[in-house]
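There are 4 protein chains.
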Amino acid sequence: MGNTFGHLFRITTFGESHGGGVGVVIDGCPPQLEISAAEIQVELDRRRPGQSKITTPRKESDTCEIISGVFQGKTLGTAIAILVRNKDARSQDYDEMAFKYRPSHADATYDAKYGIRNWQGGGRSSARETIGRVAAGAIAKKILKQVAGIEIVAYVKRIKNKEAVVDNKIVTLEQVESNIVRCPNDECAVKMIDEIDRARRDKDSLGGVVECVARNVPPGLGEPVFDKLEADLAKSVMSLPATKGFEIGSGFAGTTMTGSEHNDEFYIDENSQTRVVRTVTNRSGGIQGGISNGENIVMRAAFKPTATIGKQQRTVTKTGEETTLAAKGRHDPCVLPRAVPMVEAMVALVLCDHLLRHHAQCKLM
Amino acid sequence: MGNTFGHLFRITTFGESHGGGVGVVIDGCPPQLEISAAEIQVELDRRRPGQSKITTPRKESDTCEIISGVFQGKTLGTAIAILVRNKDARSQDYDEMAFKYRPSHADATYDAKYGIRNWQGGGRSSARETIGRVAAGAIAKKILKQVAGIEIVAYVKRIKNKEAVVDNKIVTLEQVESNIVRCPNDECAVKMIDEIDRARRDKDSLGGVVECVARNVPPGLGEPVFDKLEADLAKSVMSLPATKGFEIGSGFAGTTMTGSEHNDEFYIDENSQTRVVRTVTNRSGGIQGGISNGENIVMRAAFKPTATIGKQQRTVTKTGEETTLAAKGRHDPCVLPRAVPMVEAMVALVLCDHLLRHHAQCKLM
Amino acid sequence: MGNTFGHLFRITTFGESHGGGVGVVIDGCPPQLEISAAEIQVELDRRRPGQSKITTPRKESDTCEIISGVFQGKTLGTAIAILVRNKDARSQDYDEMAFKYRPSHADATYDAKYGIRNWQGGGRSSARETIGRVAAGAIAKKILKQVAGIEIVAYVKRIKNKEAVVDNKIVTLEQVESNIVRCPNDECAVKMIDEIDRARRDKDSLGGVVECVARNVPPGLGEPVFDKLEADLAKSVMSLPATKGFEIGSGFAGTTMTGSEHNDEFYIDENSQTRVVRTVTNRSGGIQGGISNGENIVMRAAFKPTATIGKQQRTVTKTGEETTLAAKGRHDPCVLPRAVPMVEAMVALVLCDHLLRHHAQCKLM
Amino acid sequence: MGNTFGHLFRITTFGESHGGGVGVVIDGCPPQLEISAAEIQVELDRRRPGQSKITTPRKESDTCEIISGVFQGKTLGTAIAILVRNKDARSQDYDEMAFKYRPSHADATYDAKYGIRNWQGGGRSSARETIGRVAAGAIAKKILKQVAGIEIVAYVKRIKNKEAVVDNKIVTLEQVESNIVRCPNDECAVKMIDEIDRARRDKDSLGGVVECVARNVPPGLGEPVFDKLEADLAKSVMSLPATKGFEIGSGFAGTTMTGSEHNDEFYIDENSQTRVVRTVTNRSGGIQGGISNGENIVMRAAFKPTATIGKQQRTVTKTGEETTLAAKGRHDPCVLPRAVPMVEAMVALVLCDHLLRHHAQCKLM
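Residue numbers (this note's numbering), protein chains in the order written: chain A, 400 to 764; chain B, 400 to 764; chain C, 400 to 764; chain D, 400 to 764.
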């Protein structure tokens, strides 16, 4: 269970790090959307390993094939299946991990749950699983753009203690993609890259914060009570590997303010073509009562330092003996640069699903 | 949509702040569980208004009636419906809110989404909606206790800047309930109560952090990929009114550590009756790879300061005129003391659902 | 589990025959629909016991209360809860059934599944459970009528061997309601009533066939692959108590034809305002490939003779002793007259759900 | 939407008749089940085209590849993806169908719904879509066998008017597979084959009835109210292409009996190792009140004559012109022989899902 996400725009992913491949089935996609493997590949290329010196050197082109659901360049409205074959699978790197559990990784818990585990490269718990999400997210993004002009931009906000000042109102994809750490503040990016490179050399790893903004989201998306927009966003982001926290708008910092300081006062935007209700500030992060209010949706996700490191650590074996492990294999010293397209994909999937849900219930009559 | 939560242990809530009442239908509850309205009432009493000088003075006994699903004191295995009638509904307090939107509240977004809104007391967006969750959570807690000895304790960790030191390994419900702010650190509790009381007198409000621990959770709960235990917990807590953030284990703070500092090393606990794999530290918060590892599950939720305040604020009317609003009505100056049983309920619902899911898939053959 | 039905227009029912009451929570209803308890009551009155000499004499007004989700006469878009209290509960009639299983009833299987059972009046397996369905169906019907002019008419087609000729193209609700057996063929209705009355006097029971037509269903409703319209209709009808079979269009009889005899040839209807694709015949029953084609949707459901009868039968006790049972209590000698509004309700729920689903996916872009 | 089936043992299928391939993702499969591509292939071979003179001559080996979810011959508990590539795709046979609608086929309705359609070989509406179901069904069957000794046998009961006498208590897979029409009554099978062969030569087609029995189903499977076992079985079977009707137990014929004739009286089976409640007759078809009672589950499905025939028929074009069509391409003159493994697969999927659901709720405490 748990391999399906979304209510109307719904994806099901499959695949392990080493094996036949990974992929996704997308159900509920509107028909007649123009889509090509090349467009999806653009997003997969942002996610793939071996992009730069601060990502894992595993060589994977991650070339996607659209198996079904697209005909003569357009979606059919039926299930879209996308497959990416695994290529550079050096399972011998993982021999030791067949019986030694990596600290803070999923090895031990998968064994505890299932009594069996594909120990090659993390199996199903590998971040390679996110390929299907990113592929589906590429389609979701295109729908959001076409239907409502929505754009989603994520970026690295902080690596360890290096935090970048970024204006989420105007940050662009191009700025994010202008450096290998995906921080749209070049000065800070240099420092972040240095930090990550040092951790890599130290056989250690780093964490940080990814921030994401969704602009032009129309008011009305999100479903009270349980499927509040922030709740579904939280789930979507917290389902990504290595996440430890989620914030919307003012987040934890907002809890130190009083209500009169924190509340977003309303005003009428006379500059808009139609007189529109806006808020002076945006501590709500674009969502009030679980429903989008038309302001930018702003959220942050905490990613822990990569669990798999080359440094020797104390651990146990599958059969219950204490031992040590210094992980071999090719791992990211910091997941954040590659997590950026993953966060965007998850946010796109949630917004697209809620766009359809809102359309179904509130635009019918 | 969005009024249902859970996959196997599944609840559907209904009701508005003012109207016929609020309640819940619980589907998937195991049969033959002994349960009484009185047991459920204990949890509802922790949530109800008018408990103390730092909560809203609205007078509601919140007496629950079990409509169906229980026979001769035991669950039937079929749908359990629980109803709480609304009593002290002074809708005249809300007349002004029929046309003026409260800043940072759901008034404007409900109107944007539905084009209609029950403006009496917040309607469906009122925290009164959580009565159904707390009632269902009482049953979930009992199942968790009986099946696996799981206990869930939440408490106020911080109000504004007043943060309490609490040992989540040993904190008890009795300690939490020993004061009106539900902070199991009496010294800090006094300061918190003072802060809230001052905010109340100032017609302002405060926010803070609730921490929650689940102990004795067996390894194996949680479903990769999308229904990771932390993802479902995040969604459950972020679906509560006024939440702005969620953390599991080390949370945002953990992102400033290196992997070698952050990882939870494994050891074998020889003191246990059976030799058990444990971790030296618990920065993972009891979950690795989306699956419980047997350590305590520790999480925190950020609650913003209450949006409805007596202080005058700038806002707009339903018809698009700028105006001001100083809210009347009876509101909590700080939601956290009453949010404690809500958080416990949501955590219990998630764990109970995953206990059933795990049992179904992994304990069948 | 199993108390929820529908994907977007979704209902959850609760309640047992004897106990606090029965009801339904409706999620996903479009906002701003005018609806009143009186309108819902009209359908409940068609379903309630004690209508005529050929239904059970149990006296229940089945008066419904709208607990939530409707404000000032209009739907809010949030969960609608409807409650009907149980009144005439003579549980003493069921004392014998507390330990003796009624043949072909759910008594034994509920005990086998749950190890517990509310034996008063059938508990959750009572047809009284359908009150929630019929109430929700009343709302679904109104949406279908307003959005697309869809009308749904069911009627008794056959009682035992008495089969009525009915033209489903033109049959009206008024004709159906013109007699107590709900057969819109007065001549045949008289014979059916006689048959049922004789069975009643014999302490026996009868079964038969309900036919249902949905007119003005727009083309395009239904989702390949698993949620084909006929599949969801089959499930909906087969979830009603006492059903043993379901047919769409030509049904079982159509299997004796050849393809060239059975196929519905297409033609262009020049008489329509817009030139419309129609079929000469309608053996498909308005659905091809799981999707509505614009022709009338015609289906039939087989209802077995009521299981609970006054005649003495061989059975066993809960503790495994062979015995006999001549059921007391007040039971319908034939469920079909009261099943008519149930079938209509289920068909309405399926069509309304698919109308929303189709609108979401195919009317967005 | 609609490409996913099941609640806990859940499958999602994808693929069109002509294109990259067809397949399935299976979620919720218990871990550590031994399974091989070869075992799955056995069932696919029963379904594949070109088996005999009475099936379509399309040449497809339908060789399956397990992409994920199985490691070292055992299920991992995570998503199992199975892919079958399309091979013998002569799309030129379908050129005419690009613009002419086949009567009683899905061509026109897919266009009406989506405004686009893969017209090669029926696209998503092709029976080729059922490959994923049959592959998943092979795994479900194995689980049912191992956990509860359940065996499922389907067979052709009737072709047009040729109906076979078959004893469902003892019929075996070997008997079913002993002839090309899959009727376990050799004498009748010969007549059926003659009928089909004649229809094939006449460029016409035939329909009929498939019967299916599930033996050794434990009491307690099925969920009141909406997910009654017969309701889910009805949906599963009615989601197969070309089905027009479904019956459980006595079906439509049972409606001509009185209650005292129809009811299945209970007795205690003293011959069983434990004294077991049994029924003298089995008109209930193994299900009472939506829950299995331990007797054989017996059901029948009506399959219409194949819609695609070589005989000339009246139809219309995509652009609304009346025309005629004599279908080219390679089609089954009768779908029933190949429908037998499809019906078994759907029944297995439903029973497996309900086995897990029952285990989750009723075997936890």
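Read the hints as simulated data drawn from the structure, not as lab findings.
A few of these clues could be false.
All copies of an identical chain are treated as equivalent in the list; a pair is satisfied when it fits inside any one copy or across any two copies.
As the list claims (entries may be wrong) - Below, in silico cross-link-like pairs of lysine-lysine (DSS-like), each with a Cα-Cα straight-line distance of 27 Å or less:
1) Lys717 with Lys559
2) Lys717 with Lys473
3) Lys762 with Lys717
4) Lys559 with Lys590
5) Lys568 with Lys541
6) Lys568 with Lys602
7) Lys762 with Lys541
8) Lys544 with Lys568
9) Lys486 with Lys727
10) Lys559 with Lys710
11) Lys473 with Lys568
12) Lys710 with Lys544
None of the values given here were measured: they were computed from a predicted structure.
Quick check: which numbered hints come out false for this structure?
1, 6, 11, 12
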